[in-house]
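So the sequence shown is numbered by the numbering used here: it starts at 1 and just counts up by one.
If you are wondering where the hints come from, they were derived from the structure by calculation, not from laboratory data.
Heads up, some of the hints might be wrong.
[Unchecked claim] The list that follows gives simulated cross-link-like pairs (lysine to aspartate or glutamate, DMTMM-like), each with its CA atoms no further than 20 angstroms apart:
1) 117 with 104
2) 271 with 172
3) 298 with 248
4) 36 with 104
5) 33 with 248
6) 271 with 220
[Said to hold, decoys possible] Have a look at the derived ranges for each label pair, beta carbon to beta carbon:
7) 220 with 319: 37 to 45 angstroms
8) 179 with 300: 18 to 26 angstroms
9) 36 with 138: 18 to 26 angstroms
Please read these numbers as outputs of a predicted model, since none were measured by experiment.
Each residue gets a CB set at the ideal place from its N, CA and C atoms; glycine is no exception.
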Amino acid sequence: MFTVFNQYPTFLVFLAVVFAMVVTMVLTPLWIKFLKSSHIGQQVRADGPQSHLVKQGTPTMGGVIMLIAIVITVLLVVPPSWSFVAALLATLCTAALGLFDDAEKVIHERSLGLTPKGKLIGQFAIATLFTLYVVNWLGIAPTVQIPFLQPWNFGVLTTSIPCPICPDGSLDIPWLYLVFCYLLIIGMSNAVNLTDGLDGLAAGTVMVVMIVMAAIAYRENMLPMAVFAATMAGACVGFLWFNAYPADIFMGDTGSLALGSALACIAIITKTEVFSLIIGGLFVAEACSVILQVVHYKRTKKRLFLMAPLHHHFEKKGWSETKVVVRFWIISGVLAATGFSLYFAETLMAVA
């Protein structure tokens, strides 16, 4: 539809932000009305902050509308690209997994949906298919770029098996890189999911991160990936209008798992895996706080934080929900700027 603007790549990126934002803002009120009439609402964890109990029954699965807006926008705006198709399919598959998880919570009226084992099996399958596809069909090197150092070759342990449909007649399985991508895709997906615990927190931080990832993809001359990231930023802006405190709707696992997976997929395709850990450093910190809390409690029977994930710790310390959210937005912005600065400096040194 917008192919006439292909000669104006910068305009396409900004167009993606605005279009996704508008679609999300138009469709979300209709979705909220449907969810309320169907009595589909969030189940709040009983052991969480007491101030969150008033959120019981708030419409959830807002990620459905975000994904619809993303799909509509990218199909209209994104130039054809197999890398974009791979990232989009991985995102949608993860969204489907999150939707099933959200549906389980609603149907059984509990705060926990799929079992951790069931969720991990689905995520492992998605990560495996995505990684093997980008390595064998898109030619993505099984290497990891460490800032200011030579790339680390994670393809030293590779198994090749005959595959008639593969471009070279064989399917390469780089085991070390596959494990690394497991950690990145599954870890980032669940990290964003853990961050989605306060009104506007996940939407605001993902928006900041995706803007930076769009800038990186643009600089790497990967316009489809830049537009894809910009589209998710726009969807987050539109959703934030309804998700800001007090939230009218939550994105649910449908949105948070998918956005985290998309971030990791973009990082793998643009070869900025390590930089993405800095850019999305807030998500990493949230996930690490949960891991540290569990490990510390098992060893000492004492809590390291007042409550995990990290944003609940500050709520327990007396910070208001909006104060936590805004300050975490600021931290996310600083980390994203730091990650982009390191990426930019590293690419300049490579050119020099």
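Cross-check of the supplied hints:
| no. | hint | in the structure |
| --- | --- | --- |
| 1 | 117 with 104 | holds, 15 angstroms |
| 2 | 271 with 172 | holds, 19 angstroms |
| 3 | 298 with 248 | violated, 37 angstroms |
| 4 | 36 with 104 | holds, 17 angstroms |
| 5 | 33 with 248 | holds, 10 angstroms |
| 6 | 271 with 220 | holds, 10 angstroms |
| 7 | 220 with 319: 37 to 45 angstroms | holds, 38 angstroms |
| 8 | 179 with 300: 18 to 26 angstroms | violated, 30 angstroms |
| 9 | 36 with 138: 18 to 26 angstroms | violated, 43 angstroms |
Hints 3, 8, 9 from the list above are not met by this structure, while the remaining hints are.
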